[in-house]
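Residues per chain, in single letters:
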Amino acid sequence: MKAVVMEKLRREFGSLCALQGLDLSLEAGEVLGLLGHNGAGKSTAMKLILGVLAPTSGQVSVLGQNPRGHGAGRLRLQLGYLPENVSFYGNLTGREVLRYFARLKRVDARKVNQLLEQVGLEEAAGRRVRTYSKGMRQRLGLAQALLGHPRLLLLDEPTVGLDPMATRDVYATIDQLRGEGTAVILCSHVLPGVEKHVDRVAILGRGRLLAEGTMEELRQQAALPLTIHAHPAVADHDLRQRLDGRILSLEAGEDDDWVIQIRAEQKLPVMQELMKNSWLRDLSVETPTLETLYAHFDRQLNEGASHHV
Amino acid sequence: MYEALVVAGKEFRDGLRNRWVLAITLAFAVLAIALAWFGAAVSGEVGFTRVSTTIASLASLAVFLIPLIALMLAYDSIVGEDEQGTLLLLMTYPISRTALLGGKFMGHASILALSTFLGFGLAAAVIVMFDGDATVALLAGPFSLFIGSAILLGWAFLALAYLISVVAREKARAAGLALLVWFLFVLVYDLALLGLLVGTEGRVDDGLFRFLLLINPTDVFRLVNLTGFESVAEASGMLEVLARQQYSVVQLLSLMAGWVLIPLAIAAGLFRARRT
Chain H
1 MKAVVMEKLR REFGSLCALQ GLDLSLEAGE VLGLLGHNGA GKSTAMKLIL GVLAPTSGQV
61 SVLGQNPRGH GAGRLRLQLG YLPENVSFYG NLTGREVLRY FARLKRVDAR KVNQLLEQVG
121 LEEAAGRRVR TYSKGMRQRL GLAQALLGHP RLLLLDEPTV GLDPMATRDV YATIDQLRGE
181 GTAVILCSHV LPGVEKHVDR VAILGRGRLL AEGTMEELRQ QAALPLTIHA HPAVADHDLR
241 QRLDGRILSL EAGEDDDWVI QIRAEQKLPV MQELMKNSWL RDLSVETPTL ETLYAHFDRQ
301 LNEGASHHV
Chain C
1 MYEALVVAGK EFRDGLRNRW VLAITLAFAV LAIALAWFGA AVSGEVGFTR VSTTIASLAS
61 LAVFLIPLIA LMLAYDSIVG EDEQGTLLLL MTYPISRTAL LGGKFMGHAS ILALSTFLGF
121 GLAAAVIVMF DGDATVALLA GPFSLFIGSA ILLGWAFLAL AYLISVVARE KARAAGLALL
181 VWFLFVLVYD LALLGLLVGT EGRVDDGLFR FLLLINPTDV FRLVNLTGFE SVAEASGMLE
241 VLARQQYSVV QLLSLMAGWV LIPLAIAAGL FRARRT
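As given, the protein sequences belong to chains H and C, one line each in that order. Using my numbering, you'd call the opening residue of the first sequence number 1 and step up by one each time. Using my numbering, you'd call the opening residue of the second sequence number 1 and step up by one each time.
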């Protein structure tokens, strides 16, 4: 059974169309990165999946059920959600806050201490949330989302405000949950670091799905050039001539190297040609990162929009 | 119901932690004891006065104070959760909007009830201990009625606070609305009624006037606590119109209960219809 299926999902707010016909699905044990600029429709999509909002038209099914149907109460026991901005109850301690949410989700109180330990809050559990830093609140939010071992986890900017160590812990938790069959939707602006932990990426823009697939598929779809760095940048006047027709550009880089842009299919021929040079000390290939892919699809959207105007 | 009780328990704990319970209890106890002690100062003596006088002065004070405390306690109950981000989170939990609102109300209602009972109860105990003439038998009736109706008055304004907090989209605006409600119900309404009486030289339809008095919970509260004592009723001016009608205490108390239930039901209805 699929964790989430969205079909022609549409949501309007008055005259504003926040989501215009989204088709997207997610398997159990799959991690989906949901990317997009502010107002792209990420939060609306999440709220529709959580059943907080009703779609204007189209369908959404979560773990095979309608998130706003009769069984929604039981369905919600199996969902975990970390909102983007949540400050919790300042006068209660971290443990009290987590216990409150655990009771509402009918989770054994003993799990609370275990989760506090898991997110690294056991020391601060007895302190009032008012005194917590942004990162500590974020950890508390994550602990809350993990209550009751959810089968679907929605995380909105889970690593904002976290230091690198804590960020690593979050991703380790996500990897572990994925292994246990939990489906995860990860909304994030922090692009570097996300790509290793997502199975698939969906890029939203102005309420539409711009691109969707594995990182490899997106790279092919975008057909962005690869960059080869050849070190050192010795004066070799023939180099351009020898590589001609197989490269897009060649220029001297800042780090005493040649920066060569090529199409993906020319990677091996160009590298073989470069290896023939006796001056070559080092060679590295840079594939487009999620960041450049995102920028590419975002630019496409903006160019598309400006054509219409 | 289970979820509502969990929310109520958390809200109550929050009230204890905020020292709301302590503050309200102390305020009520000190005021009640002071009024009982100095109530006779106008007649030139200091010492505990007659129970009826004490209750009457307590009622006129409580009518200002209790609505204000109730509104302050709960004006941000829903809009505050919204601004904290916890409302959106709770909406993804297996709890209905009605259970959330009802649970929070139960929590606030028990905070208010407990501190009203403790505060005025403490005052009654002090009066019994230090005033030779006062006995438990003499005080129990009037004080129970006073405490009971004071709790209902608090709950009525708590319900209005919930209505405000569902309607307002910002905490600051909710605070402003709460003050406005207090001002209208507690101060302006009676002045306007008085103005009506004076302006028309008393030629207002008796039925209409009685109706106007009975649709304000603060006036109903005064009525409950004044009509119980003949001597006080005679001295309470405007309310004399009604005192002569002799409404039963049960009728008046159910009227106040209506003031609790109706705004709360409207608040729950609006909350359910809200988009977020």
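It should be emphasised that the hints constitute simulated quantities derived from the structure, not laboratory data. We put the CB at the ideal spot given by N, CA and C, even for glycine. Be aware that a few hints might be false.
Stated by the list, open to error - Label-pair ranges, simulated between beta-carbon atoms:
| id | chain 1 | residue 1 | chain 2 | residue 2 | range |
| --- | --- | --- | --- | --- | --- |
| 1 | C | ALA140 | H | GLY135 | 52 to 58 Å |
| 2 | H | VAL160 | C | GLY9 | 29 to 35 Å |
| 3 | C | GLY176 | H | THR56 | 33 to 39 Å |
| 4 | H | ARG110 | C | ARG272 | 21 to 27 Å |
| 5 | H | ASP23 | C | ARG272 | 44 to 50 Å |
| 6 | H | ARG68 | C | LEU180 | 32 to 38 Å |
Tested hints:
no.	hint	verdict
1	C/ALA140 with H/GLY135: 52 to 58 Å	holds, 57 Å
2	H/VAL160 with C/GLY9: 29 to 35 Å	holds, 32 Å
3	C/GLY176 with H/THR56: 33 to 39 Å	holds, 34 Å
4	H/ARG110 with C/ARG272: 21 to 27 Å	violated, 35 Å
5	H/ASP23 with C/ARG272: 44 to 50 Å	violated, 31 Å
6	H/ARG68 with C/LEU180: 32 to 38 Å	holds, 36 Å
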